[in-house]
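J.: Single-letter residue listing:
Protein chains: 2
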Amino acid sequence: MSELRRDLASGRWVIVAAERADRPGSLIAGRQEKESREATPPHMENCPFCMGNETMTPPEVLALGRDSGLPDTPGWRIRVVPNKYPAVELQGEPGAGEGAEGGIFRAMTGYGVHEVLVETPEHNRHPGALEQQQMELVVESIYRRCLALSREPNLQYIQVYRNHGREAGASIEHPHSQLIALPFVPPLIKGELQHSRDYYEESGGCPYCHTLAEELAYGGRMVTENRFFSAYIPYVARLPFETWIIPNQHQSSFLELNGGQLPALASIMGTVLGRLAEVLRDPPYNLYLHGAPLRSPGLPYYHWHLVIVPRLATGAGFEMGSGVYINITVPEESARYLREKGEIAVGI
Amino acid sequence: MSELRRDLASGRWVIVAAERADRPGSLIAGRQEKESREATPPHMENCPFCMGNETMTPPEVLALGRDSGLPDTPGWRIRVVPNKYPAVELQGEPGAGEGAEGGIFRAMTGYGVHEVLVETPEHNRHPGALEQQQMELVVESIYRRCLALSREPNLQYIQVYRNHGREAGASIEHPHSQLIALPFVPPLIKGELQHSRDYYEESGGCPYCHTLAEELAYGGRMVTENRFFSAYIPYVARLPFETWIIPNQHQSSFLELNGGQLPALASIMGTVLGRLAEVLRDPPYNLYLHGAPLRSPGLPYYHWHLVIVPRLATGAGFEMGSGVYINITVPEESARYLREKGEIAVGI
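Residue numbers (the working numbering), protein chains in the order written: chain W, 1 to 348; chain P, 349 to 696.
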């Protein structure tokens with residue numbers, strides 16, 4: 001018998017219907033080990049993100065690790081550049097052309113910022129196998145770009161995300177994340193803010209803090225944790241092995257991250273991404289960051305978090321039409337599978 | 349420069365960023381013509397939906413076209429059966445076990461109905477190439493099952509959907525649709541109801557009726573139309589070639605469909621599915637039906653419609669995190685491409 005689960009922080013419904021698949025391992029039984037990345041060289045002549053090819057991208061907006069030398073030259077360890085094919089651009093005024101088409105059709109010019117964060121000079125480095133120091137630079141670069149863009153008064157939200165693997169929408173193999181800054185708060189964030197505030201007003205607490213406390217007490221859905229962060233498969237995971245990373249202390253915006261937490265975040269990201277790659281055989285995945293809108297720090301009811309969604313199953317017509325997900329794995333079993341590194345679980 | 353478009357009926361945002369792809373044709377330039385369906389025989393021995401294999405499914409709940417003979421025997425033209433691996437089942441009470449896990453985790457048993465509508469006895473018949481009479485039977489079977497299930501007092505919504513092609517989540521090739529009936533109104537429908545009601549209260553009209561009137565007046569996004577139905581690519585299409593079919597007269601629920609409209613619906617579905625298959629080389633797609641919840645007929649602000657979403661592009665981390673879609677095609681160009689059957693468009 002399946003189970004309908006409901007998430008208090010988002011209002012989301014999930015049908016946990018494990019009879020539709022077999023045990024967690026069966027999802028990857030058919031997956032071929034991806035061609036070893038070592039077969040790809042660390043440098044590709046035609047990759048715009050490889051060292052030495054800096055002129056193939058628009059001029060950089062940030063570089064970390066280049067001790068000397070001019071911008072857009074080799075020597076960097078992280079490089080942030082505008083997306084060459086941006087979905088939005090910082091041109092004109094936000095809201096310009098609004099209602100231009102007239103009638104009930106509302107449009108405005110695509111105002112915003114779209115950047116690419118190149119996470120390593122090495123083309124063939126797996127993002128789940130970055131050294132701790134390099135992962136810290138990745139987090140630092142995201143933080144520094146978010147901080148800089150938060151000063152643009154017309155931007156309201158920054159969506160940081162990562163697509164890994166072609167089936168997850170990545171068009172370039174070289175490890176990179178992206179961010180899109182928008183002049184409005186996206187609907188999914190708006191929905192979470194509203195549900196969380198409702199919960200806060202009823203219960204007096206942050207729904208994410210309450211959830212985390214219960215997850216830590218129960219333990220059965222935990223993947224890993226350290227002093228500052230916890231990683232677990234949520235009770236209402238939409239897709240197999242969806243994993244969250246969340247700060248243990250209440251913080252509504254990613255920009256509240258402090259220097260003491262940064263290495264712990266880099267460390268838990270490395271552990272989780274490495275574990276998923278190892279146990280699920282380098283699955284394609286999407287990663288995204290949810291946090292409070294810009295210039296709204298200290299919200300007592302919202303709590304920033306990272307979401308990693310492997311693409312081992314497909315949302316289809318039912319999910320697209322209803323917004324309800326059918327998860328063919330049981331979160332508790334999947335978490336145990338990750339904790340035990342895919343070895344056959346005995347006892348508990 | 350891209351454009352941010354907003355839909356009044358759903359609150360949805362879409363970024364139309366055509367520079368990220370080339371013209372509509374380029375999306376399918378890389379698509380290989382799918383192995384001809386004629387290479388597959390019309391009958392497969394191991395397919396549970398093929399004629400003669402009736403015992404491979406749970407007992408049928410409806411069959412059309414079998415003039416004589418017992419249930420679960422050959423001779424049918426449409427057959428509806430419970431899903432063998434149901435996501436939900438009509439067992440116990442809805443809401444049973446609610447809050448069972450305690451704390452803030454809310455669950456109930458997976459109460460509901462999950463059925464499969466086998467659309468033709470022919471395994472290799474393309475759903476875009478059903479004869480008019482057969483397509484009418486498809487519509488009739490959906491209508492009859494929705495009507496029967498609407499009498500279950502504990503069900504609140506029926507999600508009808510269709511997955512075509514493996515990349516769109518179809519696990520069985522034999523043409524079929526599905527329905528899942530739920531004891532709650534799904535979040536996406538709730539959101540549309542709320543936005544539509546807000547619009548209605550402000551403007552005094554149904555946002556779908558208003559949109560349709562403007563689409564008909566403008567014409568540039570129309571795909572085809574007949575006396576009772578219109579098909580167009582919406583102004584806020586999320587993905588390339590997303591196409592809507594909507595009744596010309598206001599109707600909030602699919603169950604308000606009348607006998608005069610039924611052949612016209614079958615006809616426009618055949619035209620649209622056939623055109624998409626022809627022009628886009630048999631793309632994988634999802635189709636779903638949106639309408640008013642059960643037992644709420646005659647809503648003045650909501651309007652049922654069919655949505656067809658070809659899976660030529662992938663929603664990735666940005667879409668998953670924000671709920672905002674980046675459409676790499678321009679709806680106006682895509683509609684023209686469909687109207688002109690993929691031939692090079694000259695003039696307008």
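Just so you know, the hints here were simulated from the structure itself, not pulled from any lab data. Just so it is clear, CB atoms sit at the ideal spot from N, CA and C, and this is done for glycine as well. Each hint should be verified, as a subset may be incorrect.
[Unchecked claim] Which chain P residues face chain W? A few, computed with CB under 10 Å, are given here: (1) Gly-359; (2) Thr-421; (3) Glu-437; (4) Tyr-491; (5) Cys-494; (6) Ser-498; (7) Pro-501; (8) Gln-526; (9) Val-584; (10) Leu-635; (11) Arg-659; (12) Ile-676.
J.: Hint check: is the beta carbon of Gly-359 of chain P less than 10 Å from a beta carbon of chain W?
T.: Given a least distance of 6 Å, the restraint on Gly-359 of chain P holds.
J.: Holds or violated: is the Cβ of Arg-659 of chain P closer than 10 Å to a Cβ in chain W?
T.: With a minimum Cβ separation of about 9 Å from chain W (threshold 10 Å), the hint on Arg-659 of chain P holds.
J.: Holds or violated: is there a CB of chain W closer than 10 Å to the CB of Ile-676 of chain P?
T.: 9 Å, holds
J.: Can you verify the interface hint for Val-584 of chain P: is its Cβ closer than 10 Å to any Cβ in chain W?
T.: 8 Å, holds
J.: Can you verify the interface hint for Cys-494 of chain P: is its Cβ closer than 10 Å to any Cβ in chain W?
T.: Constraint on Cys-494 of chain P not satisfied, violated at 14 Å.
J.: Hey, does the Leu-635 of chain P contact hint survive, CB to chain W under 10 Å?
T.: Leu-635 of chain P check passes; min Cβ-Cβ to chain W is 6 Å, inside 10 Å.
J.: Do the numbers back the hint for Tyr-491 of chain P, that is, is its least Cβ distance to chain W under 10 Å?
T.: Since the shortest Cβ distance to chain W is 17 Å, the answer is violated.
J.: Using Cβ atoms only, decide whether Glu-437 of chain P comes closer than 10 Å to chain W, and label the hint accordingly.
T.: This interface hint holds because 7 Å falls under the 10 Å limit.
J.: With 10 Å as the cut and Cβ atoms as the points, is Thr-421 of chain P at the interface with chain W?
T.: 28 Å, violated
J.: Checking hints one by one. Is Pro-501 of chain P an interface residue toward chain W, by the C-beta closer than 10 Å rule?
T.: 18 Å, violated
J.: Once the shortest beta carbon distance from Gln-526 of chain P to chain W is found, is it less than 10 Å?
T.: 7 Å, holds
J.: Under 10 Å is the threshold here; is the Cβ of Ser-498 of chain P close enough to any Cβ of chain W for the hint to stand?
T.: Hint violated; Ser-498 of chain P Cβ to chain W Cβ min 17 Å, cut 10 Å.
In this structure, the earlier hints numbered 2, 4, 5, 6, 7 are contradicted, and the remaining ones agree with it.
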